[in-house]
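Peer 1: Residues per chain, in single letters:
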Amino acid sequence: MTESATVVQAVEATNAAGDVGEARSLGADAWRALRKKPLFWVSLVLITIFVLMAIWPSLFTNTDPDNAVLRQARERPNANAWFGRDIQGYDIYSRVVYGARASILVGVLTTTFTVLLGGAIGTLAAYAGGWVDALVSRVTDIFFAIPLLLGAILFMAATQPRGKPYFVIILLVVTAISILGWPSLARLMRSSVMQVLPNDYVQAARALGASPWRIIRKHIIPNAMGPLIVVSTINLGAYIAAEATLSFLGIGLQPPVISWGVSISDAIVGLRTTPHMLAFPSLFLSLTVLAFIMLGDAIRDAFDPKTR
Amino acid sequence: MPEIILPKASEIGRSTTSEVILSAKDLVKHYPIKTGILRRTTGHVKAVDGVSFDLHKGETLGIVGESGCGKSTLGRLLVRLEAPTDGSVEFEGADMAKASGRELRALRRNIQIVFQDPYTSLNPRMTVGDIVGEPLDIHPDVTPKGGRRKRVQELLDLVGLNPEHINRYPHQFSGGQRQRIGIARGIALDPKVLICDEPVSALDVSVQAQVVNLMEKLQDELGLAYVFIAHDLSVVRHISDRVGVMYLGKLAELGEEDEVYDRPTHPYTQALLSAVPVPDPTLRGKREHIVLQGDVPSPANPPAGCRFHTRCWKAQERCRTDVPELILRPDGRGEHFSACHYAEPRAVVDTVDVTDVEPDERFADTDVRDPATIAAVEGQPGMDGPVQDAEGLVEETPEQRAADMSSLTMHDEGHPGKVEDPRP
Numbered sequence: 001m002t003e004s005a006t007v008v009q010a011v012e013a014t015n016a017a018g019d020v021g022e023a024r025s026l027g028a029d030a031w032r033a034l035r036k037k038p039l040f041w042v043s044l045v046l047i048t049i050f051v052l053m054a055i056w057p058s059l060f061t062n063t064d065p066d067n068a069v070l071r072q073a074r075e076r077p078n079a080n081a082w083f084g085r086d087i088q089g090y091d092i093y094s095r096v097v098y099g100a101r102a103s104i105l106v107g108v109l110t111t112t113f114t115v116l117l118g119g120a121i122g123t124l125a126a127y128a129g130g131w132v133d134a135l136v137s138r139v140t141d142i143f144f145a146i147p148l149l150l151g152a153i154l155f156m157a158a159t160q161p162r163g164k165p166y167f168v169i170i171l172l173v174v175t176a177i178s179i180l181g182w183p184s185l186a187r188l189m190r191s192s193v194m195q196v197l198p199n200d201y202v203q204a205a206r207a208l209g210a211s212p213w214r215i216i217r218k219h220i221i222p223n224a225m226g227p228l229i230v231v232s233t234i235n236l237g238a239y240i241a242a243e244a245t246l247s248f249l250g251i252g253l254q255p256p257v258i259s260w261g262v263s264i265s266d267a268i269v270g271l272r273t274t275p276h277m278l279a280f281p282s283l284f285l286s287l288t289v290l291a292f293i294m295l296g297d298a299i300r301d302a303f304d305p306k307t308r
Numbered sequence: 001m002p003e004i005i006l007p008k009a010s011e012i013g014r015s016t017t018s019e020v021i022l023s024a025k026d027l028v029k030h031y032p033i034k035t036g037i038l039r040r041t042t043g044h045v046k047a048v049d050g051v052s053f054d055l056h057k058g059e060t061l062g063i064v065g066e067s068g069c070g071k072s073t074l075g076r077l078l079v080r081l082e083a084p085t086d087g088s089v090e091f092e093g094a095d096m097a098k099a100s101g102r103e104l105r106a107l108r109r110n111i112q113i114v115f116q117d118p119y120t121s122l123n124p125r126m127t128v129g130d131i132v133g134e135p136l137d138i139h140p141d142v143t144p145k146g147g148r149r150k151r152v153q154e155l156l157d158l159v160g161l162n163p164e165h166i167n168r169y170p171h172q173f174s175g176g177q178r179q180r181i182g183i184a185r186g187i188a189l190d191p192k193v194l195i196c197d198e199p200v201s202a203l204d205v206s207v208q209a210q211v212v213n214l215m216e217k218l219q220d221e222l223g224l225a226y227v228f229i230a231h232d233l234s235v236v237r238h239i240s241d242r243v244g245v246m247y248l249g250k251l252a253e254l255g256e257e258d259e260v261y262d263r264p265t266h267p268y269t270q271a272l273l274s275a276v277p278v279p280d281p282t283l284r285g286k287r288e289h290i291v292l293q294g295d296v297p298s299p300a301n302p303p304a305g306c307r308f309h310t311r312c313w314k315a316q317e318r319c320r321t322d323v324p325e326l327i328l329r330p331d332g333r334g335e336h337f338s339a340c341h342y343a344e345p346r347a348v349v350d351t352v353d354v355t356d357v358e359p360d361e362r363f364a365d366t367d368v369r370d371p372a373t374i375a376a377v378e379g380q381p382g383m384d385g386p387v388q389d390a391e392g393l394v395e396e397t398p399e400q401r402a403a404d405m406s407s408l409t410m411h412d413e414g415h416p417g418k419v420e421d422p423r424p
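Taken in sequence, the protein lines are chains A and B.
Numbered according to the UniProt record's numbering, the first sequence spans residues 1 to 308.
Numbered according to the UniProt record's numbering, the second sequence spans residues 1 to 424.
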């Protein structure tokens, strides 16, 4: 008892508050921890701004993004056009605001699909083992053999996006990247589930008669999701960049559709002479990616009781 | 199998009856060895190869053996974490090995397990309340929904933890406390049998005694039957009523605790007991230490006949061909189960029984007490119990040592086997 008594005292000193009272769950505790993190609030504010931009771009600017003033093409930032004008004479600030929709849709949707698909398949493969695992591993091997961009180009060329409505094109891009992006997340999830499975707490739950679904939901996913969160938020930026590349190659989003990817690829021509054309869309893209990575990091830490 | 076991003097007050609660019959677990690209089965690891025993209501059956002898696999078969290759585990007449679905779920309520490593046996992302309450969520008919939190707090109190720590996470507890949480989870459903798979091996020696005493206290209060798997002979002797010795997937010897420890008839048990350190420096070098030749054979290719014949100094031609059965064989005073053709007792200097040793007031008590008793006892010197760490080491005064010396040579003393509680 002496040993436990000293430990209890030590713990009490560091964690005096909140022992008595309502029973808490991991989710509630994670939320308590998140609320105290400045990083979480910074990322949340940034993401809110970008999402608002995507939904109501008119909240941020009154300038028509399609109003080309050729006479003022390549103008540097000034009081009239805050971020300057691009090679066509479009207002860059307005283009950046209107471009958020396509980029954020592609980034968020692709990340969601790949996480759900890859996470589910990876968990299933590791949990079921045997031939299911062998099959999934070989299928992911096949997908790894196809480079992301080459595969996406093939997919987009086969589906002929030219002339289709805005959201259809975006969904096609999302589908193309998702199909090629899930295997890496499935592999990641498979390996981290395999690390969690042999732990005695999983065996204890089985001995108690817990159903497989309960074991996966309560024991495996909370302990295996850390790496998935980190990698998928980093991937979010890569997916936005992949969309930009597809647009640059002329098979993703096409003008008159506005996206950060399109703006960045258009600005490459003036890299040395008019760098502001490149800087602003890139800055917004980087900020978005940074915000999601910070959010992912904060969430991962909040769900790990040891790092609180 | 013994149908009737005579209650020992020390067990008066303990609910040992002759009723069999868990019965293993010819349990076999073979793991396939797969090789090559086609994963063809080329052999089997015979982890458990024909183990039979009965567990009686409220008793403790100790299972000892060296690493890799199949103790843990046996424990996992008993709670059906592994499906047996052959044989049956009967709980009150129902076969666990063949049950499935709802029937198995209902049976699981009665047999629970406590694991060896308290650091991996608790989910790091669940609060203690969720961990101990999970059994109640899985079997909602045990406790009504509204009463679960109260029940969890009762359980924490029962294992000597502060019920207010219900919202803490496992990493905020020490190893001994974590093991108590594991025990609380194990007893949450009021099981009749608790399989303890090396529950104290990962703990530090002073904490081992606390946890062992807690388990004895729970047995008295809840009438649990334990299968106590361990490799520490002294801990097993301390807690067990009967002891089984395993070697290479088979039981070598099975009997009452003093039969196995004082009058072992199987050469393997004799060798094992001779390796127990004796905490008396005056006996250093005087006792016979049986040193076995060679290594344990691979369980993938166990020797024919008696499994122990490759290392046995008594092995004859017959041992290489005939498998000795685990049957009652004379041990000098009575008879108990032994799987040796040439079973005979042999005096072995063994672990020291500390039941009759007067408590030494220089040392602290290791018994589990509830906080109220501690408060009552505090400030009263000389109330402390005997000090025994789990290796069987005893701190003695010279007079006591002399008394022990005589008991070491005479083996006819009955073995009460349980440390009496010195508390008022």
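It is worth saying that the hints were derived from the structure and are not from the lab.
The model shown is predicted, which means the values in this text are computed figures rather than measured ones.
Each residue gets a CB set at the ideal place from its N, CA and C atoms; glycine is no exception.
A portion of the hints provided could be inaccurate.
To be verified - Covered by chain A, per the in silico footprint, the following chain B stretches (three or more residues, Cβ under 8 Å):
| # | region |
| --- | --- |
| 1 | 60-67 |
| 2 | 88-94 |
| 3 | 100-109 |
| 4 | 134-140 |
| 5 | 161-171 |
Peer 1: So, for every hint listed, does it hold in this structure?
Peer 2: Each hint tested on the structure:
1. Residue count for the region 60-67 of chain B with a Cβ under 8 Å from a Cβ of chain A: 0. That is fewer than the three needed, and the coverage hint is violated.
2. For a cut-off of 8 Å, the count of residues in the region 88-94 of chain B with a CB near a CB of chain A stands at 0, and the three-residue condition is violated.
3. For the region 100-109 of chain B, the proposed coverage by chain A is satisfied: 4 residues have a C-beta within less than 8 Å of a C-beta in that chain, meeting the threshold of three.
4. Proximity of the region 134-140 of chain B to chain A, defined as three or more residues with a beta carbon under 8 Å from a beta carbon of that chain, is established by the 4 residues found.
5. Counting residues of the region 161-171 of chain B whose beta carbon lies closer than 8 Å to any beta carbon of chain A gives 9, which meets the minimum of three for the stated coverage.
In summary, the structure is inconsistent with hints 1, 2 from the numbered list given earlier, while agreeing with the others.
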